[in-house]
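Peer 1: Heads up: the sequence shown begins at 1 in my numbering, then just goes up one per residue.
Keep in mind that the hints were calculated from the coordinates and are not lab data.
Please note that a few of the clues may not be correct.
For each label pair, taking beta carbons as the anchor points, the in silico distance ranges come out as [as the list claims (entries may be wrong)]:
(1) L163 - M187: 17 to 27 angstroms
(2) G96 - D191: 40 to 50 angstroms
(3) L90 - P210: 32 to 42 angstroms
(4) D69 - A109: 33 to 43 angstroms
Just so it is clear, CB atoms sit at the ideal spot from N, CA and C, and this is done for glycine as well.
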Amino acid sequence: MSSPASPAAFYVTGTDTGIGKTFSSCVLLHALRQRGQRAVGMKPVASGCERTADGLRNEDATALLAASDPAPAYADLNPYALPLPLAPELAAAAAGVTLSLAPIETAFARLRAQADTVVVEGVGGWLAPLSTTLDQAHLVQALRLPVVMVVGLRLGCLNHARLTAQAIAASGATCIGWIANEVDPQMQRIDDNVALLRARLPLPFWGRLPYAPGADPAGLARHLLG
1 MSSPASPAAF YVTGTDTGIG KTFSSCVLLH ALRQRGQRAV GMKPVASGCE
51 RTADGLRNED ATALLAASDP APAYADLNPY ALPLPLAPEL AAAAAGVTLS
101 LAPIETAFAR LRAQADTVVV EGVGGWLAPL STTLDQAHLV QALRLPVVMV
151 VGLRLGCLNH ARLTAQAIAA SGATCIGWIA NEVDPQMQRI DDNVALLRAR
201 LPLPFWGRLP YAPGADPAGL ARHLLG
């Protein structure tokens, strides 16, 4: 695998929910930091947040915070923290919150000012909406971000990966690479499936993460970016 050039910021999406976007983003942050870059994460919209002494906090967002250097303000990393573990559109409505791009753009600008690279993690799969009027493509366009796709390696991943890549392209966004993430230790012929994906996805391959529950993302950084 040739080492891909890292843009100043990019958006991490996935073939579905629960396929390891957060873990992949954290590994990417460590890989960038090991290249000598200042790299920070961002989770613009997060549902399923817990109330703490410091306010609402999301597990995915705090993982990104731990992988970031320099450590940004939590409110910049996660502008919209929603309590209920629902799709953002439903969680925002339940919280009486109207999602809009302006607060996200302002927070993103502050992150960009303090880092060489900002890794922005999306929600669910690419077509999961943010609100009744906002899709993730709108956010990507507003922030002028290329996209990196995480493919969860499990039965059905060929279909999901190809559909997601097509949907990203159809939205006008640019997908600059994809990551294979092993999420099913029982998947049969996993190497063959990765080979099929590499043959059929017309995108740079950014690496493959092994199935490693509870692993330190820093220790897996060698698997990404070549």
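Peer 1: Given the hint of 33 to 43 angstroms, is the C-beta distance from D69 to A109 inside that range or not?
Peer 2: violated, 19 angstroms
Peer 1: Range hint 40 to 50 angstroms: satisfied by the CB atoms of G96 and D191?
Peer 2: holds, 49 angstroms
Peer 1: Using the beta carbons of L90 and P210, state whether their distance is inside 32 to 42 angstroms or not.
Peer 2: holds, 34 angstroms
Peer 1: Can you let me know if the beta-carbon spacing of L163 and M187 is within 17 to 27 angstroms?
Peer 2: holds, 19 angstroms
Checked against the numbered hints given earlier, this structure breaks only hint 4.
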